[in-house]
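Novice: Sequence:
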Amino acid sequence: MNGSSDVKTVEKRLAVYNPDTQLNVYLNAVSEVSSLCFAALMGKLEDKHELSLDKIREWRKDITLKRTDAEIYLESEKLKVQMEGVSATENIDEIKLQMDKDLVKIRQRNEILRHRNEMLRAMNSHIDLVNEELEDMQGGRSRLSASQEEWEEQLGAKAVATMLRANIFKRQIVKVRDGEDTEYEHEELSVSSNFSRNTEDLRRTNDSMKGSVQRLQSELKDYQSKWLHNAGLFDKIADVLKDELTKRDLIIPVGPRDMESDERKEGHNGEQDEEGDNEDEDDNNGVEIDEEDWERGGDDDEEEEIEGTEGTEGDHDMDSVLRVNSDET
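Position 283 of the sequence shown, counted from 1, bears residue number 283 in UniProt numbering, the numbering being contiguous throughout.
In short, the hints are calculated from the structure, not lab data. Incorrect hints may appear among the rest.
Unchecked claim - Once the Cα atoms are required to be at most 27 angstroms apart in a straight line, the calculated DSSO-like pairs of lysine-lysine come out as:
#1 55 x 44
#2 61 x 78
#3 55 x 66
#4 170 x 210
Please put together the full structure from these sequences, using the hints given.
Specialist: Here you go:
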């Protein structure tokens with residue numbers, strides 16, 4: 001502290017903030033008068049004790065004022081305590097009223113939170129169902145259904161029309177209940193596929209399938225051209241054989257009815273030959289036949305037939321007829 005002024009300021013503040021100042025001052029004055037009276041009774045008065053009528057009156061007045069001040073202090077403290085009690089009671093009532101209002105809000109918010117928790121649980125269960133569906137889709141083919149308008153909104157009308165022409169979409173009638181008793185039908189387009197594969201895998205598969213189809217088409221054209229050529233060779237060989245048999249007088253001219261029956265038999269035999277050719281084609285698995293060997297073989301057979309006819313021109317016994325017929329069959 002810097003000086004006496006600061007000390008006085010502190011003392012004033014302590015005097016102001018001391019709750020028992022007035023009471024202590026009164027008690028100190030009473031104690032001083034009591035000690036003076038005791039000294040007078042005991043005959044031990046000292047020079048410092050001044051006993052005069054004015055001094056006694058001054059003490060009486062001072063003690064009366066201090067007593068009044070102490071009583072005022074006590075009354076003020078009593079009123080203060082009462083006011084604090086009333087204020088505390090009012091505060092408690094206000095707090096209770098506010099708590100009741102807040103309790104209603106808390107209950108409402110609790111109901112909201114409970115409803116939201118139920119919604120979250122429902123969403124969680126739906127998410128679990130979706131996850132199960134996704135796991136099933138990962139394991140195999142799945143079916144996806146929607147109305148044609150929804151498909152066109154997602155894919156476009158042109159793509160949907162193309163997929164309908166390619167029989168990718170399947171039309172089905174679905175019954176939907178609107179309300180308790182109302183029920184109506186509407187058409188949906190469904191597709192069954194493995195939706196777990198991504199776009200790149202599907203594009204690679206599509207390109208691979210296109211390449212395989214083009215390769216099979218080219219191989220089929222090659223096989224058709226070769227078999228047509230071989231069929232032409234067989235027709236030429238058959239014509240040569242017929243001419244030779246006609247020259248040998250081994251073929252009997254037939255009428256129209258016999259020709260029709262022969263054509264029916266040839267048609268039936270041709271169907272069996274085509275089935276056999278298809279089976280041979282599958283069994284050979286792409287084995288190619290050299291055209292030069294076929295032509296060379298056909299020429300050799302033709303030369304042998306011609307030489308045979310020259311050597312046995314006049315010989316028509318039963319054995320030769322049977323041999324020729326067996327060769328023809």
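Novice: Does each hint fit the structure? Answer for all of them.
Specialist: How the hints compare with the structure:
1. Between residue 55 and residue 44 the alpha-carbon distance is near 18 angstroms, which keeps this suggested pair within the 27 angstroms criterion.
2. Distance check on the hinted pair: residue 61 and residue 78 sit about 25 angstroms apart at the alpha-carbon level, within 27 angstroms; holds.
3. A hinted pair counts as satisfied when its Cα atoms are at most 27 angstroms apart, and residue 55 with residue 66 qualifies at roughly 16 angstroms.
4. A threshold of 27 angstroms between alpha carbons decides the hint, and for residue 170 with residue 210 the separation of about 23 angstroms falls inside it, so the pair holds.
In this structure, none of the earlier numbered hints is contradicted; all agree with it.
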